[in-house]
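**Q** Each chain, letter by letter, is given below.
There are 2 protein chains.
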Amino acid sequence: MIIDCHGHFTTVPAAHKEFRAQLARLADPSLAEPDYRAPSDDELRAAIEPNQLRVLRERGGDLMIFSPQASAMEHHVADPATARAWARACNDLIHRVGGLFPENFAGVCQLPQTPGGSLDDSVAELRRCVEELDFVGCNVTPDPSGGHWTAPPMTDEYWFPLYEAMTELDVPAMVHVSASCNPAFHTLGAHYLNADTSVFMQLLQGDLFERFPTLRLVIPHGGGAVPYHWGRYRGLAVRMGRPDPSRLLRNVFFDTCVYHQPGIDLLRQVIPVENILFASEMLGAVRGADPETGIAWDDTRTYVDAAGFSDREKSQVFEGNARRVYPRLDAQLTRAGR
Amino acid sequence: MIIDCHGHFTTVPAAHKEFRAQLARLADPSLAEPDYRAPSDDELRAAIEPNQLRVLRERGGDLMIFSPQASAMEHHVADPATARAWARACNDLIHRVGGLFPENFAGVCQLPQTPGGSLDDSVAELRRCVEELDFVGCNVTPDPSGGHWTAPPMTDEYWFPLYEAMTELDVPAMVHVSASCNPAFHTLGAHYLNADTSVFMQLLQGDLFERFPTLRLVIPHGGGAVPYHWGRYRGLAVRMGRPDPSRLLRNVFFDTCVYHQPGIDLLRQVIPVENILFASEMLGAVRGADPETGIAWDDTRTYVDAAGFSDREKSQVFEGNARRVYPRLDAQLTRAGR
Numbered sequence: 046m047i048i049d050c051h052g053h054f055t056t057v058p059a060a061h062k063e064f065r066a067q068l069a070r071l072a073d074p075s076l077a078e079p080d081y082r083a084p085s086d087d088e089l090r091a092a093i094e095p096n097q098l099r100v101l102r103e104r105g106g107d108l109m110i111f112s113p114q115a116s117a118m119e120h121h122v123a124d125p126a127t128a129r130a131w132a133r134a135c136n137d138l139i140h141r142v143g144g145l146f147p148e149n150f151a152g153v154c155q156l157p158q159t160p161g162g163s164l165d166d167s168v169a170e171l172r173r174c175v176e177e178l179d180f181v182g183c184n185v186t187p188d189p190s191g192g193h194w195t196a197p198p199m200t201d202e203y204w205f206p207l208y209e210a211m212t213e214l215d216v217p218a219m220v221h222v223s224a225s226c227n228p229a230f231h232t233l234g235a236h237y238l239n240a241d242t243s244v245f246m247q248l249l250q251g252d253l254f255e256r257f258p259t260l261r262l263v264i265p266h267g268g269g270a271v272p273y274h275w276g277r278y279r280g281l282a283v284r285m286g287r288p289d290p291s292r293l294l295r296n297v298f299f300d301t302c303v304y305h306q307p308g309i310d311l312l313r314q315v316i317p318v319e320n321i322l323f324a325s326e327m328l329g330a331v332r333g334a335d336p337e338t339g340i341a342w343d344d345t346r347t348y349v350d351a352a353g354f355s356d357r358e359k360s361q362v363f364e365g366n367a368r369r370v371y372p373r374l375d376a377q378l379t380r381a382g383r
Numbered sequence: 046m047i048i049d050c051h052g053h054f055t056t057v058p059a060a061h062k063e064f065r066a067q068l069a070r071l072a073d074p075s076l077a078e079p080d081y082r083a084p085s086d087d088e089l090r091a092a093i094e095p096n097q098l099r100v101l102r103e104r105g106g107d108l109m110i111f112s113p114q115a116s117a118m119e120h121h122v123a124d125p126a127t128a129r130a131w132a133r134a135c136n137d138l139i140h141r142v143g144g145l146f147p148e149n150f151a152g153v154c155q156l157p158q159t160p161g162g163s164l165d166d167s168v169a170e171l172r173r174c175v176e177e178l179d180f181v182g183c184n185v186t187p188d189p190s191g192g193h194w195t196a197p198p199m200t201d202e203y204w205f206p207l208y209e210a211m212t213e214l215d216v217p218a219m220v221h222v223s224a225s226c227n228p229a230f231h232t233l234g235a236h237y238l239n240a241d242t243s244v245f246m247q248l249l250q251g252d253l254f255e256r257f258p259t260l261r262l263v264i265p266h267g268g269g270a271v272p273y274h275w276g277r278y279r280g281l282a283v284r285m286g287r288p289d290p291s292r293l294l295r296n297v298f299f300d301t302c303v304y305h306q307p308g309i310d311l312l313r314q315v316i317p318v319e320n321i322l323f324a325s326e327m328l329g330a331v332r333g334a335d336p337e338t339g340i341a342w343d344d345t346r347t348y349v350d351a352a353g354f355s356d357r358e359k360s361q362v363f364e365g366n367a368r369r370v371y372p373r374l375d376a377q378l379t380r381a382g383r
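Chains as they are written, first to last, in this note's numbering: chain A, 46 to 383; chain U, 46 to 383.
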């Protein structure tokens, strides 16, 4: 089977978006909290079937690990109650998609992170999503400020309560920032990739996995700049007296959201196959097709198929690695006889 | 001949570093400005000959485009007088190296940029270095804050006075940040690469080269994450209604500071040969050799030689492109019969 480990609900019904009227209360606290007008099942099907589900099927995919729209997480909104309500609404919507299409979508949750805020709310929402809604992982932003980078490195003890919950629940996190509020960083063309690159280097500098040996982090977008600069990281590690970056690969995984063949070829050449998880991020940052080849930019299945993996390796990239990194997904699939 | 377009004076004599005692005056303005105790010619030779010059020669290189140590530019120090004096001292030292080894080093200057400060001082220092010291280019940081990213994108009119001087003088800039003051960003393993990536995206979003059609920018470190994600940039451009990123390659160039063979292979595959400038950044971020291959990390000549370029293409990468992008260097070499 083919598991796409990185999809966001970027096509939510209008009713869901209306709840973001909650932001008006930050300027005028006298306003009532908006009611959440839940989209109907038909609205949800109309949002999913012609979009993510259609594309998943067209490309031979079976299941997508599905999370709320990343750029709409907007962790930079600093009010904890607003963050809690928004994360809850977004996650509940993902849960409903999983209920409508249980064979095709497994949930990954948004956390109510805020700049400088405690992670208690994030831990509580993670527990709710995993224990009550059968989610299989979470998205964690290393930069709740949205491009101002005011949070400590992800190796700092600030993050430990979240890691403790993740390891107890045995769920991984995808390291994924939200929208950039900094005009220097385009959200999709700079901020996302910078976050991937920066966090890998933070991990190389620290000893996080000595303390949390079973913690697992997925770095999306093919690892940002990391595989392209793998020699730089190896050399820096030597210079800094750190273990080779390959040591991090017990706990760190890269997805295949790299939108051309040479990029996927490099990823395959540099990163061990055990650490590569198939993903497309569709319908995400880049839509449409390359006018020169006719291949959809995010049709990463085509690039992976052409990258020279053996059948056994493809099976790891498409399925085995995801089942290992997301054991709760594996358990669900096994229970369903898949 | 082989021109290395990206080297920094990372091995300065102690006497030069002592001038940085100027920083103490920021806390205690009653202190006198330190005298600049100029290193002797012998001290300079001892700093260069066993280091950059030795390695340049060992690898068959002829000339290095040489600039002050990037991480020591420290544009985050906000006092304009301090920035002016430091840039001047650093650039004068580069000029002296060029005087001692005129066949081997051509100068590129540090600018006295400060966070949010006017670029007038930078324009004046650029003019001094080019017109009086025969420098052939400059380094420009897109983030004088040192990792807080408070400056507007490089397409903003804030930068135009510098671009006007650069185009008038016909010198390119290498886009190069200095040390990171943000613990989220390791200077060499994240901040440098993030800057490369972010600025390319800024350029894709704007119309800078419509206004400055002869402006030339060199993005170092192999373009950060850009070549690895070339498909992402092409797809984003379509989505945003922008010209294909290849359009930027009339004005934007990438160096070869990518420290392993697969990275250089990808660079060659994705970026037109006309836009690739040989560089090593030695003695820079990554020192020593890969214990598995024995090849020095920054021995990019070895990777370029093995990348499958034709002889004509290698001549472009090693020499022709640098002479085209740095016309003042070309004029100097031509006058010298080289």
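Calculated directly from the structure, the hints in this document are not laboratory data. A hint or two may mislead.
One copy or two, either will do: identical chains are not told apart, so a pair holds if it fits within one copy or between any two.
Heads up, simulated SDA-like pairs for lysine to any residue below, C-alpha to C-alpha not over 25 Å straight-line [unchecked claim]:
1. Lys359 with Pro307
2. Lys359 with Asp87
3. Lys62 with Asp124
4. Lys62 with Thr127
5. Lys62 with Met285
**Q** Run every hint past the structure and note whether it holds.
**A** For each hint, the structure was consulted:
1. Lys359 with Pro307: Result: close both inside a copy and across copies, 17 Å intra and 21 Å inter.
2. Lys359 with Asp87: Intra 36 Å, inter 60 Å, cutoff 25 Å: neither.
3. Lys62 with Asp124: within (18 Å within a copy, 47 Å between copies)
4. Lys62 with Thr127: within (14 Å within a copy, 51 Å between copies)
5. Lys62 with Met285: Classified as between: cross-chain Cα gap 23 Å, same-chain 47 Å, threshold 25 Å.
In summary, the structure is inconsistent with hint 2 from the numbered list given earlier, while agreeing with all the others.
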